[in-house]
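Undergrad: In case you want the letters, here they are:
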Amino acid sequence: MTRGVVGFAIAAVIGLAVGVATSRWRPLRSGVGALITGLQTMPSIAWFPLAILLFQLSEKAILFVILIGAVPSIANGVIGGVDYVPPLLIRAGRNLGATGLALYRHVILPAALPSIVSGLKQGWAFAWRSLLAGELIVAIANRPSLGAFLSNSRELGQPAYMIALMIAILLIGVLVDTAFTAVDSSIRRRRGVAAATS
Amino acid sequence: MTAVLPEARPIGTAGESYAVTLRAVSKRYGAGPLGLALDRIDLAIPAGQFLCLVGASGCGKSTLLNLVSGLDTPSAGEIGVTSRPTLMFQEHALLPWLSAVDNVALPMRLAGLPKPERQEKAAEYLRSVHLGDVLHKRPHELSGGMRQRVAIARTLATESKVLLMDEPFGALDAMTRDLLHDELESLWQARGLTILFVTHNVREAVRLGDRVVLLSSRPGRVVADFPVGLPRPRSFSDPDVTAASGEITAALRKEVARHAQH
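Chains as they are written, first to last, in the numbering used here: chain L, 902 to 1099; chain D, 220 to 481.
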C-alpha cells in the first residue's frame, strides 16, 4: 500500500512534468506524444521481466513498473486538458499580462484541471494494478505486501483469508476512486458544470 | 499548443496627442487575394477619443484589435501605442474557477501586487460597475450582463488607458446593453480612457462614438470616417442618433453592395 502511494506520488510528479513539457514544446510533442500513447497500451505486467533484469527482485523493480504504467496516463491527462483550453481564455490571459509560466500557472493548468484529475484517476488505477501484479511476481523477503499475503494464503490453503484480502484490495480501489470522483465533482460544482443532482 | 510571448513593441511611439496610431498596416493570412485580411490601414486615435469601428462581418475588425493589442503582428506597416492596450471580448472570457473579485484581481496579481491590496482594489473596481454585492460569486452564478460588467472591471484593473472592445455587448439583451452603454460612457469620461470599440451595429457606434470609422471587407480598408458631434449623454433611441446612423448605414450598404458585385 505504501509502495502504491509512493509510486503513484512519484508518477504524478513525473507525469505532470512530462505532460506540461510535452504540451508546451512542439518538437517534444511530435517525438514523445505517440510514444506516450503507445506506452499506455502496453500491459504493465509485460515490463516485469525487464524490470527484474534491471533492478533484480527489489523495490525498484516494482516502482519501475508502477511508474511506467501510471506516468503515461497522467501525462496524457495533462496534454488532453491543455489541448482543450478555450483559446479565448489564453488570449485574455496573455492580454492581461500572463506570459510563459505565469500563463500556465494562472490560466492553462487551472483550465485543464478536470482533465488532469481524470488522468490522475486513471494513473492511480494503473499504479494499483501494476503494484499488485508486481507484488505477486517480485516477492521481497521480510517486507509485508498485499501480493505476498495473497500468494502465501493460496500456498498455505487459506482460501477464506485469500478472499478477504481480495475484498480488501477491491475496497481500497473503490475508496480511492470515490475520492477522485468527489474531487472531480467539486471542481465541476465550482465551475457551474455539475449536474443538478450531484 | 505553444505559448508565444507577446512581442515587445515600442511603447510611446504613438506621439504626444495620439494614443494609437496605425501606419499602412496590412495583415495577410495565406496567399491570394482572399488571404489579405487588412489592406494598408491608416488610423490615428487621439488620446481620450471613443472610436467605433463598423463593418460587415469578416471585414477584419477583430484582426485589427488583435494587432493593436499585440497578440498578433502585422504583415506590414507600423502600429504605435502609448500604453499596453487591454482587450475585451464578446464572450466574457472570465476564468470560471475564480470568483468575480479574483478575476478582477488577476491582472494585478500578474503584475505582482500583494494580495490584500489587490483584493481591495478589485472590490473597488467591481463597485464602480455596481457589482459590490456579488464579489465572491463565480461567473456561472452571474447573469450575462453582470459577467460583462466583471469583464469591464477586469479591463479597468489593468490600469491601461487604452481599451479595445470586440463587440462586448453583442450577446446582451437590449435593456442590459443600454445600461452598459451608459456605464461605459461614464467610466470613459471619468477615467480619460481611449476606446477602440468594434461593432457591427451602426446605431450602437453612433450612440457611443466620437467618431465612427467604416471598414470594407475582404480586404479590410478604411472607407469612411464620420465624426459624431452629437451632445452627450446620448441615448440609443435619440432621433439624432437615429438620423446619423441612417446616414452611415446608407454608406455601409453601398459598400456591401459594391463588394457583392465582385
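Since the hints were made in silico from the structure, they are not lab data. All values reported here derive from a predicted model rather than from experimental measurement. We put the CB at the ideal spot given by N, CA and C, even for glycine. Incorrect hints may have been included.
[Unchecked claim] A few chain D residues facing chain L, derived, Cβ under 8 Å:
#1 Tyr248
#2 Leu290
#3 Ser294
#4 Leu306
#5 Glu310
#6 Pro326
#7 Leu329
#8 Leu332
Undergrad: Compare the structure with each hint and give your call.
TA: Okay, the hints, checked on the actual structure:
1. Tyr248: At 16 Å from the nearest chain L Cβ, D:Tyr248 fails the 8 Å test, so the hint is violated.
2. Leu290: 6 Å, holds
3. Ser294: It is violated, given that the least Cβ distance between D:Ser294 and chain L is near 19 Å, above 8 Å.
4. Leu306: 5 Å, holds
5. Glu310: Since the shortest Cβ distance to chain L is 6 Å, the answer is holds.
6. Pro326: At 4 Å from the nearest chain L Cβ, D:Pro326 passes the 8 Å test, so the hint holds.
7. Leu329: At about 4 Å, which falls below the 8 Å cut-off, the nearest Cβ of chain L leaves the hint on D:Leu329 intact, so it holds.
8. Leu332: Since the shortest Cβ distance to chain L is 11 Å, the answer is violated.
The structure fails to meet hints 1, 3 and 8 from the earlier list, while all remaining hints are met.
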